[in-house]
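Take the given structure of chain H and dock chain G to it, following the hints.
Number of protein chains: 2
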Amino acid sequence: MAENSSEPTRIMVAVNESTMKGYPHASISCRGAFDWTLNKIIRSNTSGFKLLFLHVQVPDEDGFDDMDSIYASPEDFKKIKNREKARGHHLLEYFVNKCHEIGVSCEAWVKRGDPKEIICHEVKRTQPDFLVVGSRGLGPFQRVFVGTVSEFCTKHAECPVIAIKRSAAQTPRDPVDD
Amino acid sequence: MAENSSEPTRIMVAVNESTMKGYPHASISCRGAFDWTLNKIIRSNTSGFKLLFLHVQVPDEDGFDDMDSIYASPEDFKKIKNREKARGHHLLEYFVNKCHEIGVSCEAWVKRGDPKEIICHEVKRTQPDFLVVGSRGLGPFQRVFVGTVSEFCTKHAECPVIAIKRSAAQTPRDPVDD
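Line by line, the protein sequences give chains H and G.
In terms of UniProt numbering, the first sequence opens at residue 1 and continues consecutively.
In terms of UniProt numbering, the second sequence opens at residue 1 and continues consecutively.
Excised from the complex, chain H in its bound form (with noise of 0.2 Å):
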């Protein structure tokens, strides 16, 4: 294997928003995996890796966060992009902050569709060395219910992947949230 040491390892890191609560911060599994890469991973070698950023929006389909909402004119639905874009951007800066800190080379961005589906694509288009997934480490009986991006990524990405689960201790009461 000739392996040009002067490139950096590239890890992509998917993150998405809390379930919880109201406004948009970083899931308590997602800050597990990206806390776990930096201390297990990255360690002290900062200029060895490159971490990539990855948040997925999830199309509100239900409209349900904007029930109460009027739509009279086309600045209205721009109103309702710039929000999430906003909502994107407040998450990706928590974990760009972070890296700017330790001093960690990143890059984030923010795609919107089915998040298993955009996380592998958005694999093949960048060609990461691997993946990190945050996993709520559900057990089977709930994982039915509602599916787990890390089961399929680890299936279906074309690259190497690490799901790191989210400690018992940090699960909150309803391990489904996150």
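Be careful, since some hints might not be right.
[Said to hold, decoys possible] Label-pair ranges, simulated between beta-carbon atoms:
| no. | chain 1 | residue 1 | chain 2 | residue 2 | range |
| --- | --- | --- | --- | --- | --- |
| 1 | G | Thr19 | H | Ser167 | 33 to 43 Å |
| 2 | G | Lys98 | H | Glu107 | 31 to 41 Å |
| 3 | H | Pro59 | G | Lys98 | 47 to 57 Å |
| 4 | G | Lys98 | H | Asp114 | 35 to 45 Å |
| 5 | G | Asn82 | H | Met20 | 54 to 64 Å |
| 6 | G | Pro175 | H | Asp114 | 26 to 36 Å |
| 7 | G | Ala169 | H | Ser73 | 56 to 66 Å |
| 8 | G | Arg112 | H | Gln127 | 33 to 43 Å |
None of these hints come from the bench; they were simulated from the model.
Every residue gets a Cβ at the ideal spot worked out from N, C-alpha and C, and that includes glycine.
What follows is chain G alone, placed relative to chain H:
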């Protein structure tokens, strides 16, 4: 996360013999997994990691390897055991020597039994930070017949698991070989 940065990240690497040729040498996929770990994870940070090599020997249930043997005394059985031991040691020697050359600390040991069960058991016992397993990257059709250790471990091991697929260029004529 309070992290003692002086503690190296402990990576278990499951290694096995090639199914091809006569004399024991490491399989294509486990050598690939090892090289990947060195190039993409450890890189120049040799003091930040410790490798734990586990080789699981599968008991020869058919006795195929020993078909021409005649067992006349307890000594003969001892000889077989010693021969198997020697094969295991020879395999581990390859990895330990490489680590020694590079300056990465390591441990290596042999167990006997069903690889997938033993790997999960040893993960539980030694609690590595994560497990690296090589994978032949078989298609669904081939997988039905051979089963895959990597899939089992990904589901059942009590630590994060990363499966490294053999590259297409390294695939032998019969992809079930390794």
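*Could one say that the CB atoms of threonine 19/G and serine 167/H fall in the range 33 to 43 Å?*
holds, 38 Å
*Could one say that the CB atoms of proline 59/H and lysine 98/G fall in the range 47 to 57 Å?*
holds, 49 Å
*Does the Cβ pair proline 175/G, aspartate 114/H satisfy 26 to 36 Å?*
holds, 31 Å
*Outcome for the supplied range 31 to 41 Å, where the beta carbon pair is lysine 98/G and glutamate 107/H*: Hint holds: Cβ distance 33 Å, inside 31 to 41 Å.
*Okay, arginine 112/G versus glutamine 127/H on CB: inside 33 to 43 Å?*
holds, 40 Å
*asked:* Quick check: does the Cβ-Cβ distance between asparagine 82/G and methionine 20/H fall within 54 to 64 Å?
replied: At roughly 60 Å between Cβ atoms, methionine 20/H and asparagine 82/G fall inside 54 to 64 Å, so the hint holds.
*Cβ distance range 56 to 66 Å for alanine 169/G and serine 73/H, holds or violated*: holds, 58 Å
_For the hint 35 to 45 Å, verify it against the beta carbon of lysine 98/G and that of aspartate 114/H._
Once the Cβ atoms are compared, 42 Å apart, the range 35 to 45 Å for aspartate 114/H and lysine 98/G holds.
When held up to the earlier numbered hints, the structure conflicts with none and fits them all.
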